[in-house]
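A.B. asks: Given the structure of chain A, go ahead and fit chain B onto it with the hints provided.
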Amino acid sequence: MSLADLHFFKMTREPSLDALCAVVAERHAQGLATILYAGGTDWMVEQEMRAPLHDEPPLVVDIGRMGELRGISLAGDSLRIGAGTTYLELERSAVVQARAPMLVRMAKDVGAVQIQARGTLGGNLATASPAADGVAALAAYDATIVVKSARGERRIAMADLQTGYKKSTRAADEIIVAVELAPPPEGSPWYWRKVGARRAQAISKVALAGVAVVENGTATRFGVGMVSVAPVTARMATTRALVLGKALAEITAEEIDHAVDQDVTPIDDVRSTGEYRSHVARALTRDLLRQLGARV
Amino acid sequence: MVHGSPVEIPRPSVGVSVPRVDGAAKVTGEALYVDDLPKRDGELHGATVRSPVARGVLRGVRLDPAFNWSDVTIVQAADIAVNTVALIVDDQPILAATHVNHVYEPVVLLACADKAKLARAVRAVTLDIEPLPPVFDMEQSLAKVEIIAGEDNVQKRYLITKGRADVKVEPGAVNGESATAIDAAIAACDVVVTGRYFAHHQEQMYIEPQGVVAWWDTDGAHATGSIQCPFYVHKAFTKAFLLDADRIHITQAVTGGGFGGKEEYPSIIALHAALLAQKSGAPVRMIYDRKEDIEATTKRHPCICEITSGCDRDGTLRALSIRMIMDGGAYVTLTPVVLSRGTLHAAGAYRWDDVRIESIAVATNTPPNGAFRGFGAPQTIWAIERHLDAVAKKLGRDPIDLKEQNVLREGDVTSTGQVLRSSVAGAECLEKAVLASDYRAKRARGPVVSGRTARGIGAAVFMHGAGFTGSGERYLKGKVAVDLLAGGRLGIRTASTDIGQGTETVFRQIAADAAGIAVDAVDFAVPSTTTCPDSGPTVASRTVMVVGSIVENAAKQLSARVRAEVEAHGGTFGEATDRLIAREGPITSLLQYAPPSFITWDDTTYKGDAYPCYGWACDVAEVEVDLDTFEVTVVDFWSATDVGKAINPVMCKGQIEGGSLQAIGWAVSEEITWRDGHITNPRMTNYIIPTSLDAPRFQTILVEAPFAMGPGGGAKGIGELPMDGGAPAIAAAVEHAVGVAMGSLPLTPERILAAKQASERTSA
Chain A
412 MSLADLHFFK MTREPSLDAL CAVVAERHAQ GLATILYAGG TDWMVEQEMR
462 APLHDEPPLV VDIGRMGELR GISLAGDSLR IGAGTTYLEL ERSAVVQARA
512 PMLVRMAKDV GAVQIQARGT LGGNLATASP AADGVAALAA YDATIVVKSA
562 RGERRIAMAD LQTGYKKSTR AADEIIVAVE LAPPPEGSPW YWRKVGARRA
612 QAISKVALAG VAVVENGTAT RFGVGMVSVA PVTARMATTR ALVLGKALAE
662 ITAEEIDHAV DQDVTPIDDV RSTGEYRSHV ARALTRDLLR QLGARV
Chain B
20 MVHGSPVEIP RPSVGVSVPR VDGAAKVTGE ALYVDDLPKR DGELHGATVR
70 SPVARGVLRG VRLDPAFNWS DVTIVQAADI AVNTVALIVD DQPILAATHV
120 NHVYEPVVLL ACADKAKLAR AVRAVTLDIE PLPPVFDMEQ SLAKVEIIAG
170 EDNVQKRYLI TKGRADVKVE PGAVNGESAT AIDAAIAACD VVVTGRYFAH
220 HQEQMYIEPQ GVVAWWDTDG AHATGSIQCP FYVHKAFTKA FLLDADRIHI
270 TQAVTGGGFG GKEEYPSIIA LHAALLAQKS GAPVRMIYDR KEDIEATTKR
320 HPCICEITSG CDRDGTLRAL SIRMIMDGGA YVTLTPVVLS RGTLHAAGAY
370 RWDDVRIESI AVATNTPPNG AFRGFGAPQT IWAIERHLDA VAKKLGRDPI
420 DLKEQNVLRE GDVTSTGQVL RSSVAGAECL EKAVLASDYR AKRARGPVVS
470 GRTARGIGAA VFMHGAGFTG SGERYLKGKV AVDLLAGGRL GIRTASTDIG
520 QGTETVFRQI AADAAGIAVD AVDFAVPSTT TCPDSGPTVA SRTVMVVGSI
570 VENAAKQLSA RVRAEVEAHG GTFGEATDRL IAREGPITSL LQYAPPSFIT
620 WDDTTYKGDA YPCYGWACDV AEVEVDLDTF EVTVVDFWSA TDVGKAINPV
670 MCKGQIEGGS LQAIGWAVSE EITWRDGHIT NPRMTNYIIP TSLDAPRFQT
720 ILVEAPFAMG PGGGAKGIGE LPMDGGAPAI AAAVEHAVGV AMGSLPLTPE
770 RILAAKQASE RTSA
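Chains A and B, in that order, give the protein sequences. When we follow the working numbering, the leftmost residue of the first sequence carries the number 412, and every step to the right adds one. When we follow the working numbering, the leftmost residue of the second sequence carries the number 20, and every step to the right adds one.
Since the hints were made in silico from the structure, they are not lab data. Among the clues, some could well be false.
Calculated cross-link-like contacts (lysine-lysine; reagent style BS3-like; alpha-carbon spacing at most 25 Å) [unchecked claim]:
hint, chain 1, residue 1, chain 2, residue 2
1, B, LYS498, B, LYS258
2, B, LYS45, B, LYS58
3, A, LYS421, B, LYS451
4, B, LYS575, B, LYS498
5, B, LYS136, A, LYS421
6, B, LYS310, B, LYS136
Owing to the predicted nature of the structure, the values given are computational and were not obtained by experimental measurement.
Isolated chain A (complex conformation):
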């Protein structure tokens, strides 16, 4: 499909986040959806797959240039990343490189450089897919999502965001503004491993994101997020509890495998099999903990 084949739609920009909230609220009240267009990397694909059955053109608002959704800043112990930040911007940000290097590593595995230049962290959160690499990375950092609507601003913890396959607690009129996370001390260990069907342009079969703070052989902070092993991004509660509960050197492979099996419910689909995903989920978790000091 070429761009010329795109179906008709109305595209606008809004001067400010408040103006955007007003437009979304007004349409929402009328039962109309508003498409927020940032990088378009999901939306463009959906257009190709969608037959042009409706005569009513949808409203698409280009938020790619909205200043209030952009920018990366560190204030005290909080790293704030605008929802409109692209993967390439993450990769190139000195503060992210220093304080949240796992995000940089993750970003390099998303699609390929073209997608990294267009796709945004906010877009990844908006689709709320369990296959989203960025969401797993944010889950590992136990990030918080800042959303805004005409009703005001609120924060959603990553743990409370996803409720089911591509379903979230974010209301239809709420716009993702930024993510906030408390970065571990500089130099803390982190882990990112993506298993896809090829080295680029691949949606994860499984991916594991992890961050930790280790003191005297014990993890005092441990966050993980796993991709494509459950209807939602897997936060691995059992595994987290296991790791935070005892000295890393005392954790056995059997305990890890058992915990992971509690935490994931992978399925067969077009990209892989449930059996393979279970195996990889265990193997990557062992690999992560091995790097932290577990003797497995």
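C.D. replies: Okay, now just chain B, sitting in the frame of chain A:
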């Protein structure tokens, strides 16, 4: 001229990597692919309504009465003069009339000026189909669980016998006596090994999907598009529209890859567009999107090979029995020829005293499988190479030693009884690839485990017949016209298409050297059935070797005339040319291919010279297998490939590296997945071809064992050979790395894990 080329091209140009003539236009976007061609007056878009059912009786077609059909052209089977796609067997309708035999089978054609409305119109058609039980599995088809095609579901059979298996058989029949004889020959051997090997579908995944623009005028029917073989389309039009040959005009547009996928399929899309154009009276453009292209068009044939072989304790190969089945899909299309090439390559590049190869192609209710680079040979070479790896294991030897010991050499006799008289380079390729890759030292060291990865190395040795099988070229009578043009230029007119492989450039080099003129003094006409003679199809690794030799002879003939004129009356080459044209009018050399006189071939017994010559190669793959995830990374890939003579070394290496990468994709990641006859991954996002990041370091060694009849000093076919060795070399490397012998493709991490777990269960 060589477009914008600042490079001074030396003479002679053969052996020099002349820049691609078509390169600049393609890089700058100037080249017009079919979807870029200017819109014709009143042009409509065409679309296809396809069966959602794998097998059934077509009871009727319902058009939604609520839809406004006034500006939509509708074509059904009843509108077609002769509802048959002309190919080998006339079993495939242009549109399903009474039955559907695979999902995606075309049933109704629609055309409309408004593309969005056309998409809605497709959804406003309901096909009333009474389902019948489908057959998706080739062994179930062979077992006649359901009769879905002909009397017994069999599309074609071959039998090759040699040595003790060569008992008298009825022509064409599969005779039990030869089976008894080969079993006895194998039983007499010291070491007997049996194995079963499976090769899977593969999608060609050319960058440009299929597309055609068709229209009618006072000259008859016209079609232009992404076409590998314009005369195939011409033949299809002759049959379907009952038109005289000179009323049909098929022209190639710039074509973005084919790999066989645009050999026979374009006949169907061109017929569809022309039917809509005929009924509507308007030009019709049909361009498939990627999904429709993957779903509806042909793929590589899946193939099962059951092999039993016997050898001496010292490794001398003695007796070989192969029973192979190919899945032809719902209609015959090119299956008999694919099965033939697969059968002829099944014994590999090795000497055997006694051979029996029984091959059968059966129908299934899946879209017809068709031409794809290698044409059946990669499937059977996969099997025999994996089998010899298993034989070597049983003998306790390295596979490469066994292969070196038994590889065909000059004077040896193939499974069809062909004596290899010259241009036999298997041993040389093996030696060079083994040396370059340091294979023996790496094998001796064993797998290198570092952290959580294991590294292994493996090799495949193979040959690929160049040109048409047996007497094919004799029937084809391929022709080329070369025109003598003002100023001493030459113009090549051929139906051989450049679909990305470099034909335009290489033909210019061959003609220029033959005539003793500069490469940029040679023109290449757009291939068209109206202006070019039928050179035979652009397939079978025959373009450079066969058609190129006609080009060479025609250019020599014209040049001789001009040089005689120079001798007689003086002046330059250009001046003498102008005098000749002034005196005699247009001067053209129209030549027909003269197959080598030594070739003898019997189609009934499948004995004789299967191919005029063979390209030879040895591929070595070094892989890293992740011990946690079983992902296979091909790190290095060496290929020593005998091309006879490299006309253009850079493009020649490009063919080898591109073909090898296509083989790597087939081996490790590409897989068509099915549900109830539907393809569940018809997209580039989930049918996984390798990216440039997945490509290994290629180290390609050109070996030149010239073929006396080849152009430019001995060029042989190169198009398909590089597809043959990648998969078995990688599988051998994986086996070396992690000890799992995979007999089924593809080598996805999921399958390697399952095989490893199964082998651990067995050994436990």
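A.B. asks: Holds or violated: B:LYS136 with A:LYS421, Cα cutoff 25 Å?
C.D. replies: holds (19 Å)
A.B. asks: What's the verdict on B:LYS498 and B:LYS258, does the C-alpha distance respect the 25 Å limit or exceed it?
C.D. replies: The hint holds at about 22 Å.
A.B. asks: Straight-line Cα separation of B:LYS310 and B:LYS136 no greater than 25 Å?
C.D. replies: At roughly 19 Å apart (the allowed maximum being 25 Å), B:LYS136 and B:LYS310 satisfy the hint.
A.B. asks: Need the status of pair A:LYS421, B:LYS451: alpha-carbon distance at most 25 Å?
C.D. replies: violated (63 Å)
A.B. asks: Are the Cα positions of B:LYS45 and B:LYS58 separated by 25 Å at most?
C.D. replies: Holds. B:LYS45 to B:LYS58 sits at ~20 Å (cutoff 25 Å).
A.B. asks: Verify the proposed pairing of B:LYS575 with B:LYS498, using a straight-line Cα cut of 25 Å.
C.D. replies: The given pair, whose Cα atoms are some 15 Å apart, holds under the 25 Å limit.
When each numbered hint is compared with the structure, a violation occurs for hint 3 only.
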